[in-house]
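These protein sequences, in sequence, are chains E and D.
Quick note: the first sequence uses numbering that gives the first Met the number 0, first residue 0, plus one each step.
Quick note: the second sequence uses numbering that gives the first Met the number 0, first residue 0, plus one each step.
Hints in this document: simulated from the structure, not taken from any laboratory.
A quick note: this is a predicted structure, and the numbers were derived from the prediction, not measured.
Watch out, some of these pointers could steer you wrong.
The list that follows gives simulated cross-link-like pairs (lysine to any residue, SDA-like), each with its CA atoms no further than 25 Å apart [unchecked claim]: (1) Lys79(D) <-> Phe69(D); (2) Lys103(E) <-> Ser12(D); (3) Lys111(D) <-> Ile31(E); (4) Lys191(D) <-> Ala202(D); (5) Lys13(E) <-> Leu78(D); (6) Lys7(E) <-> Ile108(D); (7) Lys73(D) <-> Pro266(D); (8) Lys58(D) <-> Thr76(D); (9) Lys44(E) <-> Leu143(D); (10) Lys138(D) <-> Ile31(E); (11) Lys159(E) <-> Lys44(E); (12) Lys292(E) <-> Pro266(D).
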Amino acid sequence: MAMQQLWKRIYRYKMVYLMLLPVLAYFIVFSIYPLCLGIANSFMKSKMIGDSEFIGIQNYTGVFNNPVYTQAFSNTLIVGVGTFAVQFLFGLILALSINEIRNKFGKTIIQSVTYLPYMLSWSIVGGLWIKILAPTGMLNGLLNLIIPMRSAVTFMAEPKYARTIMILTSAWKGAGYYAVLLLAAVVSIDQSIYEAAAIDGASRLNQIRSITIPNLVPTMKVIVVLGTTGLLRNFDQIYVMRNSVIDNKIRNLLYLIYNDGIQKFNTGTATAAATLVLIATFVISYIIRKVIKYDQSY
Amino acid sequence: MRKKNHQFKNAMSRSQRIINYIFLILVFITMFLPLWNVFVMSTSTALDAGSSGIKLWWKSFSMEGYEFIFKNMKIATPLKNSIIVSVSGTMAQVLLASLAGYVLVQNDIPFKNAITSFIMLTMMIPGDLTLISIYQLNKQLGFLNSYIGLIINGLVSGFCILLMRNYFLSVPYSLAESARIDGSSEFKIFYKIYLPLSGPGLATITFLEFVSKWNSVMIPATITTDSNYFTLPLVLRNLVAADAALSGAPLARDNAIMAAIVITTIPLLLIYVFAQRFLLSGMTLGATKE
Chain E
0 MAMQQLWKRI YRYKMVYLML LPVLAYFIVF SIYPLCLGIA NSFMKSKMIG
50 DSEFIGIQNY TGVFNNPVYT QAFSNTLIVG VGTFAVQFLF GLILALSINE
100 IRNKFGKTII QSVTYLPYML SWSIVGGLWI KILAPTGMLN GLLNLIIPMR
150 SAVTFMAEPK YARTIMILTS AWKGAGYYAV LLLAAVVSID QSIYEAAAID
200 GASRLNQIRS ITIPNLVPTM KVIVVLGTTG LLRNFDQIYV MRNSVIDNKI
250 RNLLYLIYND GIQKFNTGTA TAAATLVLIA TFVISYIIRK VIKYDQSY
Chain D
0 MRKKNHQFKN AMSRSQRIIN YIFLILVFIT MFLPLWNVFV MSTSTALDAG
50 SSGIKLWWKS FSMEGYEFIF KNMKIATPLK NSIIVSVSGT MAQVLLASLA
100 GYVLVQNDIP FKNAITSFIM LTMMIPGDLT LISIYQLNKQ LGFLNSYIGL
150 IINGLVSGFC ILLMRNYFLS VPYSLAESAR IDGSSEFKIF YKIYLPLSGP
200 GLATITFLEF VSKWNSVMIP ATITTDSNYF TLPLVLRNLV AADAALSGAP
250 LARDNAIMAA IVITTIPLLL IYVFAQRFLL SGMTLGATKE
């Protein structure tokens, strides 16, 4: 009887299910299937033609024993964590600072100009910074003004600057986004708390420290979780900004996977590495969620 | 009078305000000068753009960079490709995401929770990590080097579906119920009642998706090898690929590269000017916890 009723309900919604069909089909073919195929391929020997051959976890041990991959892993972590830290701090200071502006026009201008780079492709942002950091670029021009008679530096060809450049350009691109998120949380704080604090004689800086920042904690947690999901997955920037001189310092996992799998047809190693990155992403975000008590908060 | 006094107490002291303004002016300079530099270089002669200096004002105004990029680099093709792919991809996304979002607001449709969980599961599968298999899949389907391949990868996102669901939830369910009693078909309820009442939601995902599709680098880099199907970001990347700059055999002079950057940026700027409101709200929506 219950079964019959269920069928009846399903039948009633048949047109609605039909509306879902293309989306479900898309997800199965372009999301679930590639995931399964990738995991399956990570246990197979890479072959251009012919049947695949099962080789167990050889690809995985290959990844672990490959110094290029371990180097890429540390590059990814260093640049990723550095980028997140700078973006987060810069975004927070920016949000607090913008919130103090009373002039609406000024507020809009600074918000737009800090947010704009977030919307631009890495091809654009990477391209413009490569040119600014070139020997004839704007940075060398500015430094020449301050220190006369210095010789121009090719910043993009100096391994010692490479990671810093990646971190700072990422922060330039992304901090405005975090600032927008934080600013939205700042303006939703109950103003009467500030009024009460002002009556009690708290200075503005004290108000920021003891009212604004504690009230931003939930948004900060969201940002941390968003940041950790993307931590190991920075492809575009490195794809655009890498070059052979600084590769050792910045080449990251995703770029290496792309390079190995798509350009060198080394699918076994590449899919094994991708599966490892996937697992690592889950593990890292699980740990971070536990550490910041994300799921228990509000 | 009292109000003024009160406001004063609730603001920074004069010196703090000045420090704050100086900080923001510095931020403005850091954010704006690089973009301005691009524009000035793009409209300078190749000689001026390639010479050293700060290049924040024109020594000589010239459009030769744009001429070069259209005539010699044939940027019209990638420009056309980018427009085709981004516009049709965005339209498909909006349609499919709102259809799926509509399903998720039905009150007692069987398996609603299962469907919602499934969509959330797909959001957890990072597309960039299945890249190799996506390449193989597109190869099997014959989608390499084709518009359909560029459009169909990333066609629907769980994020947009859930965003549309949230907008649809604010449409009174009784409206749909009474239309149903009057004998309206589901599809009619969807496009006569739900879509018109969810304008801001539709605008939000339209703009967000257009921006993300216009900027997409990874999928085109993976599934195209034929330059007839390159999109703008890919061509731009090849132009600035740093190896060429180091070995001294660049494809194009600096002013032409900057012109390409400007051309790629303009649609995003337009979108930003028109849709700032929606974009900002969409961004914030995406970051709130379910």
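Starting from Lys159(E), check that the Cα of Lys44(E) is at most 25 Å away, please.
violated (38 Å)
Are the Cα atoms of Lys7(E) and Ile108(D) separated by 25 Å or less?
Distance of about 11 Å is within 25 Å: holds.
Does Phe69(D) lie within 25 Å of Lys79(D) when you go C-alpha to C-alpha?
holds (12 Å)
Holds or violated: Lys292(E) and Pro266(D), Cα atoms, limit 25 Å.
violated (41 Å)
Is the Cα-Cα distance between Lys111(D) and Ile31(E) 25 Å or less?
Holds. Lys111(D) to Ile31(E) sits at ~19 Å (cutoff 25 Å).
Under the criterion that the straight-line Cα-Cα distance not exceed 25 Å, is the pair Lys191(D), Ala202(D) satisfied?
holds (17 Å)
Agreement of Lys58(D) and Thr76(D) with the hint, judged by alpha carbon distance not exceeding 25 Å:
With a Cα-Cα distance of about 31 Å, the restraint between Lys58(D) and Thr76(D) is violated, given a limit of 25 Å.
Is the hinted pair Lys13(E) and Leu78(D) satisfied, with a Cα-Cα distance of at most 25 Å?
violated (42 Å)
Holds or violated: are the alpha carbons of Lys103(E) and Ser12(D) at most 25 Å from each other?
With Cα atoms ~19 Å apart, Lys103(E) and Ser12(D) stay inside 25 Å; holds.
Is the hinted pair Lys73(D) and Pro266(D) satisfied, with a Cα-Cα distance of at most 25 Å?
With Cα atoms ~19 Å apart, Lys73(D) and Pro266(D) stay inside 25 Å; holds.
Pair hint Lys44(E) and Leu143(D), alpha-carbon separation not exceeding 25 Å:
The hint holds at about 23 Å.
Would you mind confirming whether the straight-line C-alpha gap from Lys138(D) to Ile31(E) stays at or under 25 Å?
holds (17 Å)
When each numbered hint is compared with the structure, violations occur for hints 5, 8, 11 and 12.
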